[in-house]
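**Q** Starting from the known structure of chain A, arrange chains B and C on it as the hints suggest.
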Amino acid sequence: MDLLDVTDLTKRYGGIVALGGVNFSARAGEVHALLGENGAGKSTLIQVLAGAVRYDSGRIRLDGADYAPRSPDEARARGIAAVFQELSLVPDLTIEQNIWFRREPLSPLGTVRSRAMRERTLALFERYRFPTLRPDQEVRRLTLAERQIVEIAKGLAGDPRVLILDEATSTLPAREAQWVLDLTRQLAAEGKLVVFISHRMDEVRHIADRLTIFRNGQTVAAHTATAVGDDEIVAQMLGRKLDRLYPERIATTTGVPALRVNDLDAGKHVKRVSFELEEGEVLGVGGLQGHGQRELFQALFGTTRSTGAIEVWGRRTNIRSPRQALVGRDGLALVPEDRRGQGLLLSKSVRENLTISVIRRFADWGLLSETKEAALVREMVEFLRIKTSTPEQPAGTLSGGNQQKVIFGKMLLTEARILLLYDPTRGVDVGTKGEIFQLMRDLAAKGYAILFYSSDLPELVHVADRVLVMRNGEIAATLAGAANSEEGILRASVFDRQAA
Amino acid sequence: MTAFWARNRLIVLAYAAMLVLLLVTSLFSPGFLAESNLRSVVVLAAFVGIVAFGQTFVIIGGGIDLSLPWVLNCAAILMTAFAGGQDVALLWLVPLLLAAGAVIGLLNGVGVAVFGVPPIIMTLATNVILQGLILVYTGGAPTPTAPPLIQFLAVGRLGPVPVVALIWAVLASIAWVLLSRAAFGRYLYALGTSRTVAEYSGVPTLRTAVLTYVISGAGAALGGMLLTGYSGQAYLGMGDPYLFTSIAAVAIGGASILGGSGHYVGTIAGALVLTVLGGLLPALRLSSGALLVVYGAVILLTVAVGSESFGGIAAAILRRRRGQDPAPRK
Amino acid sequence: MNRPASNIGGIAASPLTNNGDAPPAPRRQFDARGYALDRAPFLVACLMLVVIVGLYGSLQSGVFTLDELNLDTTATLTLLLAATGQTIVLLRGGIDLSIGGVISFGTVLAATHFGDDPGSVLLWSAIVLAVGFGVGMLNGLLISALRLQPFLITLATWSILSGASLMVLPTDGGQVPSWWQAIGSASWLGLASPVWMLLALLVFWFWFRSTRLGIALKATGSNERSAFLSGVSLTRMNLVTYGLSGLFAAAAALYLTTQTGAGSPTIGKDYILPSVAAAVIGGVSLFGGRGNLAGTAVGAFILTIIGNLVFVLHVSSYWQPVAQGAILLIAVLASSLAEKAAQGQDR
Chain A
1475 MDLLDVTDLT
1485 KRYGGIVALG
1495 GVNFSARAGE
1505 VHALLGENGA
1515 GKSTLIQVLA
1525 GAVRYDSGRI
1535 RLDGADYAPR
1545 SPDEARARGI
1555 AAVFQELSLV
1565 PDLTIEQNIW
1575 FRREPLSPLG
1585 TVRSRAMRER
1595 TLALFERYRF
1605 PTLRPDQEVR
1615 RLTLAERQIV
1625 EIAKGLAGDP
1635 RVLILDEATS
1645 TLPAREAQWV
1655 LDLTRQLAAE
1665 GKLVVFISHR
1675 MDEVRHIADR
1685 LTIFRNGQTV
1695 AAHTATAVGD
1705 DEIVAQMLGR
1715 KLDRLYPERI
1725 ATTTGVPALR
1735 VNDLDAGKHV
1745 KRVSFELEEG
1755 EVLGVGGLQG
1765 HGQRELFQAL
1775 FGTTRSTGAI
1785 EVWGRRTNIR
1795 SPRQALVGRD
1805 GLALVPEDRR
1815 GQGLLLSKSV
1825 RENLTISVIR
1835 RFADWGLLSE
1845 TKEAALVREM
1855 VEFLRIKTST
1865 PEQPAGTLSG
1875 GNQQKVIFGK
1885 MLLTEARILL
1895 LYDPTRGVDV
1905 GTKGEIFQLM
1915 RDLAAKGYAI
1925 LFYSSDLPEL
1935 VHVADRVLVM
1945 RNGEIAATLA
1955 GAANSEEGIL
1965 RASVFDRQAA
Chain B
-7 MTAFWARNRL
3 IVLAYAAMLV
13 LLLVTSLFSP
23 GFLAESNLRS
33 VVVLAAFVGI
43 VAFGQTFVII
53 GGGIDLSLPW
63 VLNCAAILMT
73 AFAGGQDVAL
83 LWLVPLLLAA
93 GAVIGLLNGV
103 GVAVFGVPPI
113 IMTLATNVIL
123 QGLILVYTGG
133 APTPTAPPLI
143 QFLAVGRLGP
153 VPVVALIWAV
163 LASIAWVLLS
173 RAAFGRYLYA
183 LGTSRTVAEY
193 SGVPTLRTAV
203 LTYVISGAGA
213 ALGGMLLTGY
223 SGQAYLGMGD
233 PYLFTSIAAV
243 AIGGASILGG
253 SGHYVGTIAG
263 ALVLTVLGGL
273 LPALRLSSGA
283 LLVVYGAVIL
293 LTVAVGSESF
303 GGIAAAILRR
313 RRGQDPAPRK
Chain C
766 MNRPASNIGG
776 IAASPLTNNG
786 DAPPAPRRQF
796 DARGYALDRA
806 PFLVACLMLV
816 VIVGLYGSLQ
826 SGVFTLDELN
836 LDTTATLTLL
846 LAATGQTIVL
856 LRGGIDLSIG
866 GVISFGTVLA
876 ATHFGDDPGS
886 VLLWSAIVLA
896 VGFGVGMLNG
906 LLISALRLQP
916 FLITLATWSI
926 LSGASLMVLP
936 TDGGQVPSWW
946 QAIGSASWLG
956 LASPVWMLLA
966 LLVFWFWFRS
976 TRLGIALKAT
986 GSNERSAFLS
996 GVSLTRMNLV
1006 TYGLSGLFAA
1016 AAALYLTTQT
1026 GAGSPTIGKD
1036 YILPSVAAAV
1046 IGGVSLFGGR
1056 GNLAGTAVGA
1066 FILTIIGNLV
1076 FVLHVSSYWQ
1086 PVAQGAILLI
1096 AVLASSLAEK
1106 AAQGQDR
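Residue numbers (the working numbering), protein chains in the order written: chain A, 1475 to 1974; chain B, -7 to 322; chain C, 766 to 1112.
Honestly, the hints are just simulated from the structure, not real lab data. The hints are all genuine.
Computed Cβ-Cβ distance ranges for the label pairs, DEER-style:
1. C:Ala891 with B:Arg173: 55 to 63 Å
2. C:Val968 with A:Asp1476: 51 to 59 Å
3. A:Leu1618 with B:Leu250: 25 to 33 Å
4. A:Arg1852 with B:Pro274: 51 to 59 Å
5. A:Ser1581 with B:Arg(-1): 52 to 60 Å
6. C:Gln1024 with B:Ala(-2): 50 to 58 Å
7. A:Glu1856 with B:Trp(-3): 26 to 34 Å
8. A:Arg1533 with C:Leu994: 23 to 31 Å
9. B:Asn29 with A:Glu1856: 53 to 61 Å
10. A:Asp1476 with B:Trp(-3): 48 to 56 Å
11. B:Trp(-3) with C:Lys1105: 40 to 48 Å
Derived pair list, reagent style DSS-like, types lysine-lysine, alpha-carbon separation capped at 25 Å:
12. A:Lys1861 with A:Lys1846
13. C:Lys1105 with A:Lys1742
14. A:Lys1907 with A:Lys1920
15. A:Lys1745 with C:Lys1105
16. A:Lys1907 with A:Lys1861
Positions of the beta carbon are idealized from the N, C-alpha and C atoms, including for glycine.
Isolated chain A (complex conformation) (with noise of 0.2 Å):
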């Protein structure tokens, strides 16, 4: 008996269909992963399931009764918790009070019960065996991972009869990332339902009992998991054989050193990294998340602190601000991982992005020109590819992969020839990723530095020359050639430095 039936669900958002007739159905006991790509629909069907999104038309069915929560809060009085990839978390509040939030104890004053509410969540935390949290810690103090794992124990708090996790492990170290896919065979076996998003095929395979396909707001295709090939399942997915996603990789360094960091150390997060980058290479940062690959990207930018010497095109230089980084030819610019809250201004246009970073190049005499600055963002729009009505649409308003091309051609107007490119094709459509990688490779081949950082082991095997791979803040190895492969990233981002 099916715990969980949709039929031919859909949801619209104005002429856009995010949904068009979905079925899918999971029995309690398995876990059930979705699989498909960024807008394929499967966000919106936890959505709707999580009560976050009511639908148009269609029908749900939850443990045989007729389901259509109208807010999440009736979703989880109906037993379905969801553990979103965008955190819930109140900083200011412990970790036990987000847990409970909305739901702690009370006494008859009306006043919460402090040790029923730790009792609670002692219980809670020994159950599943999380790993070790100090439930009085304030989360403001805790690491994405850390609140990863709370958002989860959020989720667990009401013993929901269905529990959703969107991408629960993209931000968690390997050990805790395991600890999730047990947790999710543990619940399989206490009879629950768990539907399991995730973009990595090796953790699907270990737990998956069965997974549906999502494709163009639809589902393609259901299947036990036991009986499909990857191959299969990515076509599906696709829809297409796989095209070349990388781009052919041509040789391109010239051995002229563009970026020379000798024993670079920022805060705790760094330690005495040292590495060469040339003209016309790419250069890929790999290494489990969290390991100082964010913040070596912010002291090279200029902005975070560090120690150390750097020196650009052979020049001894201190870069203390991103002002000080963008300096033209000689200078370095970064696209940076929060598209949103670090690389865009979302209310104004596409033009006043793209110029903003040089504006001297189109000013006489301190007056702007509006005809160079209009021969700048055309000649920039053209050589990307931006898809916008008119240059004059606000930024926030483009799709994800065109507002990466914004920030990319931000950048590319500074003239600086080193780029630091931080996970560049993160939530970008599968289009819009070629262009990105092939993008890469001509500026490498016109004499530009690149260094980038991908969390996606493909992305660094097939688009890098080499890959530095970091851990606990240093460089552990750098790959190069047949060493430059998944496996080799993977354990060097792993293992300790073994010996030969």
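**A** Chains B and C alone, transformed into the frame defined by chain A:
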């Protein structure tokens, strides 16, 4: 045309509101549209506009300046005290006091941009400290009347045009150049929209933020000196009404109180709207209390109309009429 | 896999690999430094109060007595009541400028309508409280429905209420019955009634912040989006927050009339920014989510006792605002430093 409308919708509405108010007032007060009366409206609005000059920059940059009242008052008191009714002293007094206002602004700016003190607190503290200090200095005693030159600047005319209106026009041109045509303007709008993004884009955020407060301080000092010409002398508390009106003028002019949008052109309209409303008062035989009520209502109305929500609600209603679904919330 | 998963917050569990963990911060025991840093603004405020009272006490006799406590509390309570509402709003992450209007209007209504009859006094007291609460809820509604900034909305409603006050009572005046005024100076067990009111306020606070509503309020100020995602109705939260602020401002107005015996259409203005200052000095964050009423009380007392200190030092009373401004800056800088130091130790 539509692009122009989209960007400047609120400013146009503010000017439209001003015109409507003018007409309405003239209905109740038949002499209102006479040249002499309009002239005095412009003069009164000019004072608001001059004080709101700096406030506009600060608000666009995402801050606020609550120290205007006593920077204004200090400049007024110090000028009249040291000029002793003589024009000659103005030669060094005016630049000195403008610089002093700028220095106060610098302190505000440094507190906000370097030390991270919230603008409300920093400028509030400055305001209160200045108030105390100037009172300690003067002991509350009155100062001499303003020199004749200042009085001329405040109430005199060049031909049919009031001098203070010319000063206002000069300031307006400076504002227009700075905001629309100079790098500073771009930096300011970026800073007000998102400080983080501005920094990541290489915008000199520190310098830009501090500069807004410097401008505001100097502008308040200028306003204070001119005001002594209008009332003949400096008196305690003369700056207090200008805090509310400067903020209201900027808000009515379409700027978001959060920063990142707006223009001095709008502030001009805001100053005019407030002044014309003030003229409506005796025309309708309303008490000063009623005027405050009206001010409050006007502010609510303008920001409601200008709010995204309003536009969103209106658009949603239109969309529903056309049988489409409302757009997703994010 | 029967053993618990790794010990992220503590010592690395496995001897073989380094867990693949990012370097953990030592968090085994009670984190005293973190605890102190979190409360630094409040502790700094307490320290400042101690210094100021100490100075005051060294220059004037009879400071460390119950009498002095009674006197100072009587003088501070209006501000404290206003600041209580402001604290609630600040915790929410907003600001309420309209309390000035509520206070003015409250005193004006009281002074013109109380009369002598206790029944009428009670009725109009209830009306004043209702008006305060109602205006507050209106603020909350406008802020939610139109998604506008609290600063502007409350500025506008302040203006409206100020104007209304002037329309009802153009100049200071009116009257309240002497028995009503006597309430403000009554005493019980050696403590003046304002002190009892202060205690009641603190009791209220300690109850309120442990309720679901109190926690949700702090949460909404700490991260509005998270609170929303967790099911908090922002509209209802705004209604309650600003409603309470208006209610406390109205209470401040009523208390004020016991002290002044009259109504004033402009008196409220003098309480707006000081209410924010008192809270900020006491460690309430302007960004929301941090702080509590004990701090605000300390801040309010600091502001009042500075006045005493200035008087006792025989300097011009004009130094009082200077000292208040300086203390405000010190408090904010101290809390900003503490914040930076605290950030140094977390990720």
